[in-house]
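From just these sequences and the hints, can you work out the full model?
2 protein chains.
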Amino acid sequence: MKISEIGEFGFIDAVKEGTLFNPSSVVVGIGDDGAVYKTTEGMEQIAVIDTMVEGSHFIIGKTASWFDVGYKAVASNLSDIAAMGGIPTHIVLSTAIPTDMEMADLTALYEGMKDICKTYGVNIIGGDTVLSKGALVITVAAFGEVESGKAICRSGAKPGDVVAVSHTIGDSAGGLDVLLHGIDGYTHLKKAHQFPTPQIQLGRALVAYRAHSLNDISDGLASESNEIAKASGVDLILDKEAIPCSEELRQWAQSVQKDIYAYVFNGGEDYELIFTMAPDDFEALRREYPYVTAIGQARAGKGQVYVRHEGKTSVLQPTGWNHFHR
Amino acid sequence: MKISEIGEFGFIDAVKEGTLFNPSSVVVGIGDDGAVYKTTEGMEQIAVIDTMVEGSHFIIGKTASWFDVGYKAVASNLSDIAAMGGIPTHIVLSTAIPTDMEMADLTALYEGMKDICKTYGVNIIGGDTVLSKGALVITVAAFGEVESGKAICRSGAKPGDVVAVSHTIGDSAGGLDVLLHGIDGYTHLKKAHQFPTPQIQLGRALVAYRAHSLNDISDGLASESNEIAKASGVDLILDKEAIPCSEELRQWAQSVQKDIYAYVFNGGEDYELIFTMAPDDFEALRREYPYVTAIGQARAGKGQVYVRHEGKTSVLQPTGWNHFHR
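Chains U and B, in that order, give the protein sequences. No gaps in the numbering here: position 233 of the first sequence is 233 in the UniProt record's numbering, and each next residue is one more. No gaps in the numbering here: position 297 of the second sequence is 297 in the UniProt record's numbering, and each next residue is one more.
What the hints contain is simulated information worked out from the structure, not anything from laboratory work. Because the structure is a prediction, the values reported are computed rather than measured. If a hint is listed, it holds; no wrong ones were tucked in.
Same chains, same names: a pair is fine if it fits in one copy or spans any two.
Below, computed lysine to aspartate or glutamate pairings styled on DMTMM-like, alpha-carbon distance capped at 20 Å:
hint	residue 1	residue 2
1	K230	D13
2	K38	E147
3	K258	E248
4	K230	E17
5	K62	D105
6	K230	E8
7	K150	E41
8	K133	D100
9	K158	D281
10	K16	E102
11	K191	D68
12	K2	E111
Laid out in structure tokens, this is it:
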């Protein structure tokens, strides 16, 4: 059945079940002019918004299924909340849907959103649905909470800070390349691209361990590290060899004879975290979260990023993943 | 200059000035991974989201300018907050922009958003910008507050309630017709279509005067009245002659020999309010807000809407303005 046959209200009825995964704070959910929810005393609210466009951010049947698209549309938003040190609580979403889209595909899109919302106890409290003359456009706005005054901005890096990242970097861009080439295997890379894990728990730990600055790596390490350097007015010196890369990414880069650092610095959509903090706090964090790795230091400067490699130091330009230029 | 030449970061820099019109509650505005804001003790939060698609919701140069589109994209969201009885506080927005769009047009779009945000003291705290392969798609998510437990839902209508609306109904659909015909004059109708006024002050008064149910009229009176009847499980009996219509709409309907009630019942985007309340409370409200008009009564029933006219009563189907079917 096509979406144009079932209509907006029929569609809302079909997807509105099973949307509350932490209902205690929801006063009014889907089905009225607006959603109403309670906030927690002593917490500030976080709001983020992110859009994915079919054919630009994903190619159905090649880089993603409709389920994956729903999952990732939410994941990228939850990652932005993790990048402030917050706990995600609710989302509202909007889809501009091609007239001839199959209901089964649209249902899969919503199942992907519900899947990740269930994992993180996030409520889907509202939405809008319109017809698109072109490709599908999905926008998710997510809300979260963080203890008052404790949100971690990109502008707080201080000279002497350790610069660190979570897990391995560049896997999502590697996975995208694998998918575009239609190659079997490389399941870790593909999963990194299709089902990124928002680093919510680590974001919360970074609040507890007093991290000074924090970004999620959505536009590549080059772009994100430069944002921290520029916003904080400090220089970051990264040690190229220290940046954690997965074995699969090394294998893939070698098999296509591509520089692995193109994925690491200029890839995107890793949704890992890059952060800076005092060395002692970092050591304490690392004992609890062994998947964080120091990749450099912050020092007084003018907001530049440098990469050290085999005794040479070069400037790292912010040129990264920029959907605007695709 | 085209948007593709200036890039995402250049564009954000160009529009991020002058976005906070009530900054006291904003901890982190545009420019980090997420926005952070404070809420007011004793208040619950409202969230709404609404999308407009070029060519479907508006035709540039015919039904709207880019400024108008920005204004209306926010207005429709503020109207949804008014329809819960709330005070709008912040918005986040996302635009999927055609590659060849002129920066001047995009700037006009943002000026329209800033204009209405300034009027209502609403902060623009975040956004996302991506390139569209097709038409422009703009999504706004708006937040607001309402005293805990006081949000007015569509489900609260009670037998004996007065059914009432604000101002006049059908003007926006009339204005759209005038614009599509390219006719001069009819400034009231055109303004109703291009610059709808979210009824925030009235929504707040409806909280104070204990209204039982409330919708904004975004999809036509037939659809909205049926939503209240169905959600509340009561019948609404509307008096056709009592529904307030503007003189301009009468003139326009006569000049094109169209039934005025096609605009009234099945038009859309009026962004006026329809509500039900106890008769005594309505009388008190009307003394303070003379632009509200009683158009019928609620009575025990099965969730139907009836229209009385010249001694006859007929069922009013919910068929209204439905963007899904355009």
